[in-house]
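**Student:** Spelled out from the first residue to the last, the chains are:
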Amino acid sequence: MEVEISRRKFLQGTVAMTVVGGAVGSSLLAHEGGESALRESVTTKTSTGEAEEVPFLCGICVNKCAGFARVEEGKVTKLNPNPYFPKSRNMLCPRGNAGIQTTYDPDRLKYPMIRIGKRGEGKFKRVTWEEAYEAILNGTKDFKGLAQIIDEEKDNRSTIGYCNGEGLSKEGFEDLVGKKIGTPNYVDEVSICLETAGAGFFATIGAYPEIDPEHADYMIIAGANRAEAIITPDTQDIFKQTKGRGMKTICIDPRFTNTAAKSDKWLPVNPGTDLAYMLAMTYVVFNENLQNEAFMKKHGTGYEEYKQHILAHKYTPEWAEPICGIPAKEIYAMAREFMNAERPIFYPGRRSVFSPNDYQYRRAIAIFQALSGNLDQKGGYIYGNPIMLPPEFVNAPIYDQAQERFDTEGIAFPTIKSGSWIVFRNMILEGKNPYPVRVMMMRKHNPMMSVPNSAKTRELLMKMDLNVMIDILPSDTAMFADVILPEASYLERTSPVKSYGWLEPSIVQRRAAIKPLFETKEPEVIYKELAEKLAKPLFEISKKYDKDLQEQIKQRGEEKVFKEDGYDLADAWEMPVHEKNKEVVEKVFGEKAWETLNEKGVYYPHMEEYHKQLSPNDFQYYPKSKRFYSTQGDKLKVTCKYDHLATKGIDAMPTWHDEWKFSVPEGKFRLITGRHAQFTQSGTTNNAMLRDLIPTNFVWINKRKAEEMGIAFGDMVEVKSEVGTVQLQAYPTEKIAPNQTFMLHGFGSESKGMEMAYGNGANDAVLIKDDIEPTFGAAVMHSTNVEIRRV
Amino acid sequence: MARYGMALDYKNCINCKACEVACKEENGVLLGADKHRIWVGVKEVEGQWPNLDIVSNTFVPSQCQHCEDAPCQEVCPTHATYYDENHVVRVNSDKCILCSYCMNACPYDARYVDDRTMTVDKCTFCSDTRLARGETTTACQNTCPTKVRTFGDLDDPESEISILLKTRDHFSLKSHLGTNPKLFYLT
Amino acid sequence: MSIKEFITSIPVNKVGIKDILKFEKSPTNLLVAALTLLFLAFFVIGVGIYLVHGHHAYGVTRQHPWGLLIAVYIFFVVSSTGLCIVGSLGDVFGFKDYEMISKRAIFGSIVTILGGFAVIAFEIGHPVRMLIYNILSPGMRSAIWWMGTLYGIYLTFMIIEFIFLLKHDMKNARIFGLIGLLVGLAAHSNLGGVFGFLNSRTISNGVFYPTYFILTAFITGIYIAFIMMGFRYKLRFPDNAKVMLTNLALIQALLLAILMFFETWKMLTGIYGGMPGRADVAEHILTTWPFWAEVIFGMLIPFLVALLTKGKNHVMMFWASLIGMVGIFFMRYDLVHDTQLKPLQMMKTREYMLPPEWVHYFPSSTEMMISLGGLGIVVLLYYVGTKVFNLDADAH
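Chains as they are written, first to last, in this note's numbering: chain A, 1 to 791; chain U, 1001 to 1187; chain S, 2001 to 2396.
Quick caveat, the hints were computed from the structure, so don't treat them as lab data. Some hints here could point you the wrong way.
[Said to hold, decoys possible] Below 27 Å or equal to it, Euclidean Cα-Cα: the simulated DSSO-like pairs (lysine-lysine) are: (1) U/1174 to A/243; (2) A/587 to A/179; (3) S/2167 to S/2018; (4) S/2014 to S/2167; (5) A/243 to U/1035; (6) U/1035 to S/2348; (7) S/2242 to S/2310; (8) U/1011 to A/612; (9) A/600 to A/560; (10) U/1043 to S/2242; (11) A/45 to U/1035.
This structure is a prediction, so every number in the text was calculated from the model and none was measured.
Work the whole structure out from these sequences, hints included.
**Tutor:** So this is what it looks like as structure tokens:
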């Protein structure tokens, strides 16, 4: 059967999950009232009859909130929050609630498919799982298979590149392609997300900490939009304290976000210049001797040098004001208020890398927080005591012919594990790779929309001999696949048990609420079956080229080597996930713990004793006396000066360089990106419920500027950068500066397989230049200037 | 037999709209711009960048106020709108003739037309879903990330909502209309 | 007398389809006939679309649930009440000069209210259910219940009155006419009450609409009286008609003066003091063209014609009345639309929208077709009536 992914064909295969009646009945509205009438009738009223409540972990974003799925007659009708999980605090956000619509999305990938048209054209045919695995191994007349490619590359497994999105089954895919099949060429969301934030804090204070807003009395939240980019439990905890209710909150952000609206003060900052006010605040502290000197003397390394460095550079607020745009008096006030507060928190933040100095900015924040002494204690940064699960052992073969990863150009400290998406891609396109990269194995990742400069990503995908995609929706990237394997969504699968939380730690398990729909399979089943398919034939290739292997076989016999040295690729998935979870949890925490975990989705020691409902809305997870507020003691170390950095030309102490000054040529706008609470990147772009809340993305233009340009609300405008051009509707607003513009990330899909997402809004990845920051090669998101004109 | 009301600690609201989605999923509400039972109202921020008036930008979750003296109930020609045994303002869709008078009479824009039954629909405090199953919270309260909402029995002096209303200042929307709303905004 | 005998003794002309199709083929008549047929076809198409798509076929929304069909319903029932008042002048109150129009006006009141019912049946979502639950579970505090119920009774009395008029039983006609008139006035002021009771709609709330409805009904009745008489006599009025029409024109001038006085004070009190929800709406209304269509066509032009000709130029009054009816249509449309102009929820509910301002409404093609269809039904019924019944005054 020939299947072209088009809306009609996809709908034909749809089981009657959406009540089509509603959609047909409103078809007239669809014409008159616009697109919002699409798929009106997708919800199911919960019944008062029998239902099963299955503990699940939300997978619609990174937070992994816990919930109970209400299952009526085999269908999930409602997702409710789980009151046992300390991290998610008995809540599901709008996206969490709308997760049902992802599982029952009529556009879902329903069965394995093989490309039959040209690459990227979107023509596929439906095949069996066996046929799909066979196509990955041996190819079809349209594309080469793994066996041929690896043979041609003489068993250099590094010819395979692979990428992967965040989630509980992420490690399994890394095990399969990285450890088992044996390539180091891995890229994931880290280098297009928060790499420098985590690394900056870790290098400076030894952790990317949690915070304790409950006991804090002052917070500066800069470049983090917790009201819209929800992070649990920070979002829940912070906004109960703001607006004159215990925790004075200063929001620093170029845009007036919902977080700004919920703060006590909003200070707009020039994009990419945060380091300037950070240094200036530090200057004020040192100049006025406001710091906790005893604390720093005890825990700081290079502290005196840092003090001299800051004072000597004269990073005064007056110096910073013209750079960052924040008035000097506000910088003075923040520095003084912060240091005078009992329990101040400079929010560690969690977001993409916006500027090339982000790593130093994070270091400066961490040191600034340390200057208050409010580390590792109530109301401050929390190190806590996470529950450790035993590490999983994967018997990884050693491939002699495999080569090292190469994506290091322009990077001081290349990360071995997840590399740099941009450098990896660009070096291949520029022919700077020392050996051919011919395969992309991809899972739950949509680089066409997430990695800056989509045109280059397209070029990379077109260049490959084989692209494999495992996902739940026909994303823009899936359109470039040769083989598509449909995965079960998070409501249809049990996932490996996971540990969360430091202050109030727990372990959680996602249990499948329903069986996989259509012909989809749980990721771990796919890994196992694919591994089984590939193991022997790939082993044969290794035998041909791998001298060490030949030697081993000679010594120990082929069967033994195959089994013992990990060439039996499927041995990592011998046990189904649920059984494996049981084994691990029972072994470490006992049978009772497993029962609790399996029934409630959550477990932590003394849970029965500690967990209490305090009011209709409030739960106690740990009594305060049992929470892990202070765990570090003398171990606490604040690295003000990090000499190791200087060995690769990175500043050992946060230092300002004038090349980071913010400037936008006349008539242009600096493009900044961000989030709304109802949307998780491109993954939710086809979710009917969320589309109802945010029908499309708009480009923000300062109201007065828009008026000057003759642009009104809803006018179609063209946005053009040096790497791409898009069109979308305009949103004139005073919430942004006249020389800046914002658009919500994740729209503008070009995949016709997704009825609601296709052609809706604009994809910011098309516009954003592929700039990297110098430390790890992480993508810099806010360095692109654009032109805007009415069309 | 109870007298249900809801207190909203509305300053906690971050305008995430989890309540709106939970309501739709729980009660099988249709999608579409006009079809919500509950919503979060946003007052556009005043001022010009960078001098924006931070207090002008408020988020106000709203819905049917379950008035003690509900104009929608008064104007209904067929008693399709009624107070149930828990003082919840409900619509009997079998009796509703869709004259839309209630939609015009409700001062809170809390009513809309459900296209499946072609009758007027509105917030039920989850009476026919969650409460009918013996649960004690509405979908919107239960899911709220910042725990804006407290639902409960106003006649029970020990209930959380009664205690809240006795101990915290609060106001009602359009109270001058004499509708006596049972939604209370805590300040 | 048995009911059967009573009914068979009603004087009707024995007419067949052929007689009905027979009329003078003047250009005006042909145009009216063609338009009527077109409107009836519209009605069938409009109702067909409505039956398939329900209210989606209309331009109504959550913020503007009442649309053109409500306005047209009001237009027809106001016409009916007005004709009832005009008809009552002769046979209820005994003013001899007006007896010549009584039967015609009472018949007109019947066909216009039937036209109104035909339209509202497709605006009310469940008209059959309404008939059932109006009786089984009456909402006695609802102005719509009273309005609907009283109009039902009113229609019954109008039909009975009309029959007695046909039978030239003036005593019974007077009794039923009086009751019908009182019920009609009650029903009609309740229709005003439907709007007047809306606490939340400050612009409409209060005493204005219930009283203004009676006043404008009378005005409408006189406009239609001119139109009916104009068609009846092809604008060549006999002397007895001239006496009546002159009187009616002068009454009309007085009524219009009162209406304009009312309207002026309504707008003045509306704007004065700047009360939110009322002053802003009133000011906004002044900037909308349908309001000025209402004032100019519905009031000013007919008033000036009546005044300047001292009511004696009946042909001009005929044309002024036609213009007046256009104005009356806008009056009905404005009252429905203006009531709903200001959103009751003024906050944004989505990031990417403009803050709610004035509620926008424009009738859909389906609504327009059904509305014109209502007019077609009224004209057809009236035309058939002129064939079946003797609508002229009986010779004494």
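**Student:** Against each hint, give a clear statement of whether it holds in the structure.
**Tutor:** Going through the hints against the structure:
1. A distance of roughly 24 Å separates the Cα atoms of residue 1174 of chain U and residue 243 of chain A; the hinted pair therefore holds under the 27 Å criterion.
2. With a C-alpha separation of about 26 Å, the suggested pair residue 587 of chain A and residue 179 of chain A falls inside the 27 Å cut-off, and the hint holds.
3. With a C-alpha separation of about 26 Å, the suggested pairing of residue 2167 of chain S with residue 2018 of chain S holds against the 27 Å cut-off.
4. Distance restraint check for residue 2014 of chain S and residue 2167 of chain S: the Cα-Cα separation of roughly 16 Å lies within the 27 Å cut-off, and the hinted pair is therefore satisfied.
5. Of the pairs offered as hints, the one joining residue 243 of chain A and residue 1035 of chain U is violated, with about 32 Å between alpha carbons and a cut-off of 27 Å exceeded.
6. For the hint linking residue 1035 of chain U to residue 2348 of chain S, the alpha-carbon distance of about 15 Å falls within 27 Å, and the restraint holds.
7. Restraint check for residue 2242 of chain S and residue 2310 of chain S: satisfied, since their Cα atoms lie roughly 13 Å apart, inside the 27 Å limit.
8. At most 27 Å may separate the alpha-carbon atoms for a hinted pair to count; residue 1011 of chain U and residue 612 of chain A meet this at roughly 26 Å.
9. Straight-line distance between C-alpha atoms of residue 600 of chain A and residue 560 of chain A comes to about 43 Å, which puts the hinted pair past the 27 Å bound.
10. Distance restraint check for residue 1043 of chain U and residue 2242 of chain S: the Cα-Cα separation of roughly 62 Å exceeds the 27 Å cut-off, and the hinted pair is therefore not satisfied.
11. Our distance criterion of 27 Å between C-alpha atoms is met by residue 45 of chain A and residue 1035 of chain U, whose separation comes to about 15 Å.
Consistency note: the structure conflicts with the earlier hints numbered 5, 9 and 10.
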